[in-house]
Amino acid sequence: MAGQNKVIRHTKIMARLGFLLGSLGLHSEAYAVDKLKLHGLLDVQAVTVTGRDNSWLDGGPLGLRYGEGDNLIQFAQGGFDLSYTLAPTLKADVTALAYTSDQAEVTISEALLHYRPIPNSQWRQEYRVGVFHLPGALENRGPLWSSPYSITPSVINTWLGEEARVLGAETRWSLPGKFRQADYDVSLYGAIFGGNDTLGMMLTWRGWAQHDRIAGIGSRYPVADLPQLRDGALFEQQARRYQPIVEVDNRPGYYFGGDLILGKQFGRGRTLKLSYLYYDNQADPTVIKNGQYGWETKFHHLGAHWRLSNKTEVLAQALSGSTLMGKGLTSSVEADFWSAYTMLTHRLGAHRATLRWDRFEVEDLDETPEDSNHEHGHSWTLSYSLNWGKGFKTSLSRIHWESERQGRHYNPDQGHNIKTQQWQLSLRKYW
Amino acid sequence: MIFKRIKKRFGLSLFVATLLLNSDLSTAAATLTVSVKTADGSSLPNSQVSVVYLTGNGSDKMPSRHSSTPEMAQQNLQFSPYVKVVQRNVNVTFPNKDDVAHHVYSFSKNNAFELPLYFDQKIPSRAFSNTGQVSLGCNIHDWMLGFVLVVDTPLHAQFDSQVAIIDNIPSGTYTLHFWHPGMDRRENITKSIIITQNSQAQTIQLQYQVKHCPNHKPPRSSLMTPVTTKTKPLPIKELEIWLAKTK
Numbered sequence: 001m002a003g004q005n006k007v008i009r010h011t012k013i014m015a016r017l018g019f020l021l022g023s024l025g026l027h028s029e030a031y032a033v034d035k036l037k038l039h040g041l042l043d044v045q046a047v048t049v050t051g052r053d054n055s056w057l058d059g060g061p062l063g064l065r066y067g068e069g070d071n072l073i074q075f076a077q078g079g080f081d082l083s084y085t086l087a088p089t090l091k092a093d094v095t096a097l098a099y100t101s102d103q104a105e106v107t108i109s110e111a112l113l114h115y116r117p118i119p120n121s122q123w124r125q126e127y128r129v130g131v132f133h134l135p136g137a138l139e140n141r142g143p144l145w146s147s148p149y150s151i152t153p154s155v156i157n158t159w160l161g162e163e164a165r166v167l168g169a170e171t172r173w174s175l176p177g178k179f180r181q182a183d184y185d186v187s188l189y190g191a192i193f194g195g196n197d198t199l200g201m202m203l204t205w206r207g208w209a210q211h212d213r214i215a216g217i218g219s220r221y222p223v224a225d226l227p228q229l230r231d232g233a234l235f236e237q238q239a240r241r242y243q244p245i246v247e248v249d250n251r252p253g254y255y256f257g258g259d260l261i262l263g264k265q266f267g268r269g270r271t272l273k274l275s276y277l278y279y280d281n282q283a284d285p286t287v288i289k290n291g292q293y294g295w296e297t298k299f300h301h302l303g304a305h306w307r308l309s310n311k312t313e314v315l316a317q318a319l320s321g322s323t324l325m326g327k328g329l330t331s332s333v334e335a336d337f338w339s340a341y342t343m344l345t346h347r348l349g350a351h352r353a354t355l356r357w358d359r360f361e362v363e364d365l366d367e368t369p370e371d372s373n374h375e376h377g378h379s380w381t382l383s384y385s386l387n388w389g390k391g392f393k394t395s396l397s398r399i400h401w402e403s404e405r406q407g408r409h410y411n412p413d414q415g416h417n418i419k420t421q422q423w424q425l426s427l428r429k430y431w
Numbered sequence: 432m433i434f435k436r437i438k439k440r441f442g443l444s445l446f447v448a449t450l451l452l453n454s455d456l457s458t459a460a461a462t463l464t465v466s467v468k469t470a471d472g473s474s475l476p477n478s479q480v481s482v483v484y485l486t487g488n489g490s491d492k493m494p495s496r497h498s499s500t501p502e503m504a505q506q507n508l509q510f511s512p513y514v515k516v517v518q519r520n521v522n523v524t525f526p527n528k529d530d531v532a533h534h535v536y537s538f539s540k541n542n543a544f545e546l547p548l549y550f551d552q553k554i555p556s557r558a559f560s561n562t563g564q565v566s567l568g569c570n571i572h573d574w575m576l577g578f579v580l581v582v583d584t585p586l587h588a589q590f591d592s593q594v595a596i597i598d599n600i601p602s603g604t605y606t607l608h609f610w611h612p613g614m615d616r617r618e619n620i621t622k623s624i625i626i627t628q629n630s631q632a633q634t635i636q637l638q639y640q641v642k643h644c645p646n647h648k649p650p651r652s653s654l655m656t657p658v659t660t661k662t663k664p665l666p667i668k669e670l671e672i673w674l675a676k677t678k
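Protein chains in written order, with the numbering used here: chain U, 1 to 431; chain E, 432 to 678.
A few of these clues could be false.
As the list claims (entries may be wrong) - Now the stretches of chain E that chain U is said to cover, found in silico as 3 or more residues with beta-carbon under 8 angstroms:
#, segment
1, 514–523
2, 535–545
3, 564–570
To be verified - Label-pair ranges, simulated between beta-carbon atoms:
#, chain 1, residue 1, chain 2, residue 2, range
4, U, R359, E, D591, 29 to 35 angstroms
5, U, Y184, E, A558, 33 to 39 angstroms
6, E, D598, U, V94, 55 to 61 angstroms
7, E, A558, U, S320, 53 to 59 angstroms
8, E, K648, U, E363, 23 to 29 angstroms
9, E, A558, U, A87, 23 to 29 angstroms
10, E, S592, U, L36, 41 to 47 angstroms
11, U, L82, E, S499, 41 to 47 angstroms
12, U, L36, E, A558, 51 to 57 angstroms
13, U, Y184, E, S623, 35 to 41 angstroms
14, U, D280, E, I554, 49 to 55 angstroms
15, U, S320, E, K648, 17 to 23 angstroms
It is worth saying that the hints were derived from the structure and are not from the lab. Ideal Cβ placement from N, Cα and C applies to all residues, glycine included.
Produce the entire structure from the sequences given, and follow the hints as far as they go.
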């Protein structure tokens, strides 16, 4: 009898343990997971590229992720987003990403505390502290900052994903329309941050790019063999690796902005979101630390997301700014840059088609002939995706990339112009 | 034509209330039936969100007529019902019928409260001691919106399809109130009515300008799997992973 009780007790314990473990697992149900949430993403791609240029990730001049010599099958991305509810209004959130093949790395792209106190007036307050993305990337609304619209995001959001990340504190004050019978929501935000003093470096020396690699803490990317960075040249102190997310001058930067969302309350699925952001990393352009220069970069950013219906959306972003490095040093780099895109996307059940046109330009303002950073170009992206359900998604995308950069003449193997098509077939699993 | 277009654009409708009074001599009490039509004569969409109630004639001393404990549930990531009228000091329960936590709050004047993150283990309740509209939100799901209308009378009714019925009304002089979540909240829509044992059916026209109800349904993008309730537990995926569905 006692033995039987023991067996029952053990069975119960095992069942409870099983439930506990199960609820910590990926496909867990019910309430135990509610505090701890784990979302993940795996992306395997088949890739082909025309042209003979190497990707910038291989030290080449091509702004796309894959170039000549890359394998057909790529493990494009793996990652998870773990969030834990510390208190009813406080959540800790960590996103880790892994990449193999070119520049393999495992990195933390976001690690933050998110505090949302209970509103005691019509204003809702939110706070983020830690390492996080800038607000404003309209495409990157999916899990782990992925885009639901295309495999590779726009040129602007590629850049925000690879160079813009802050270690800071952000506050956001929103006035939702629902409580005051207004058909618009307003949201204002601002942040003070560090850790982003080299923003502008890759944009200037490498040029604009379009890929789906998201940088994280400690990410390092190869520096192409540019003559101005060689030993004995103007900027020989630059390390052989770009480090986009570092602090070099211990001076805080800031950004502020706002969103206006129209039509959310009384509309019939038609909304228009307008957003603005001003960013200034206030980096000291005379500082160099561990081979990384301070790039004093500021930009304005505008975004518009127009939902014409539940199925059709138009997105547009424009970004314009300037960067300065090395002022007062023997040589300096000064450049203006801008990029803009327009995107039309249509969803039909599980199918989605997206067409996007990107334009981009860097205008080199300093008069250093050995360091020409002029670039202009455009790209077309056509993407189709199908959701299989259960978190499986297949996408097919073609990017037509054209970029003209005078600095490419430094390398006798390269022409000024690059014109490339990149085809990607992606199989993603979300959970 | 232009006016119609403007009206449509701004979502304004004009409402006409028709009151029917029937006396029942045996109980010396009357039944009030109120119907509402829009200005163009069509029936009012989502009429269940409208409330009528009577004050005066000592109604604040009359006992509660709630047949069961009033409930303001959270279900399918919405408040259910969207509107609930309750008498002052009557307990309202807030059961969570979803598989995710909700954090219900209100900052409405004199009735502010908070029910921290909870699941179904316990069913919290609240009694509201001040009359007025209590706007409800959820700190986790920003789109969620609901209303508890606290009144100081048991003589209240919500519309059931096209009519609201208040019965067993003692004779006397009352003030009839009409409330709708889309109406201008600075406006007080009232009408004095006398109810006697031999009241006749009468039609009173009251004109209100009512906007559409603010949206309170989850955005499509928030749902990855069809939302189900406890009876068939399935994990409801929240905002962060909506993409895996057919967005």
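Evaluation of the provided hints:
Here's how the segment 514–523 of chain E fares: 0 of its residues keep a CB closer than 8 angstroms to some CB of chain U, so the rule of at least three is not met and the hint is violated. With 4 residues having a beta carbon nearer than 8 angstroms to a beta carbon of chain U, the segment 535–545 of chain E meets the requirement of three or more and the stated coverage holds. Here's how the segment 564–570 of chain E fares: 3 of its residues keep a CB closer than 8 angstroms to some CB of chain U, so the rule of at least three is met and the hint holds. As the Cβ distance of R359 (chain U) to D591 (chain E) is approximately 58 angstroms, the hint placing it in 29 to 35 angstroms is violated.
Separation of Y184 (chain U) from A558 (chain E) is about 35 angstroms and conforms to the stated range, judged on CB atoms against 33 to 39 angstroms. Take D598 (chain E) and V94 (chain U): their Cβ atoms lie about 59 angstroms apart, and the range 55 to 61 angstroms holds. Under the hint 53 to 59 angstroms, the C-beta atoms of A558 (chain E) and S320 (chain U), about 57 angstroms apart, fit the expected range. Under the hint 23 to 29 angstroms, the C-beta atoms of K648 (chain E) and E363 (chain U), about 48 angstroms apart, miss the expected range.
Judged by the Cβ atoms, the range 23 to 29 angstroms given for A558 (chain E) and A87 (chain U) holds: they are separated by roughly 26 angstroms. At roughly 45 angstroms, the beta-carbon separation of S592 (chain E) and L36 (chain U) lies within the given 41 to 47 angstroms, and the hint holds. Look at L82 (chain U) against S499 (chain E): about 43 angstroms separates their beta carbons, and that is inside 41 to 47 angstroms. For the pair L36 (chain U) and A558 (chain E), the supplied restraint of 51 to 57 angstroms is violated, since their beta-carbon distance comes to about 35 angstroms.
Take Y184 (chain U) and S623 (chain E): their Cβ atoms lie about 38 angstroms apart, and the range 35 to 41 angstroms holds. Our hint of 49 to 55 angstroms for D280 (chain U) and I554 (chain E) holds, since their Cβ atoms are close to 51 angstroms apart. Between S320 (chain U) and K648 (chain E), the C-beta spacing of about 38 angstroms breaks the proposed range 17 to 23 angstroms.
In this structure, the earlier hints numbered 1, 4, 8, 12 and 15 are contradicted, and the remaining ones agree with it.
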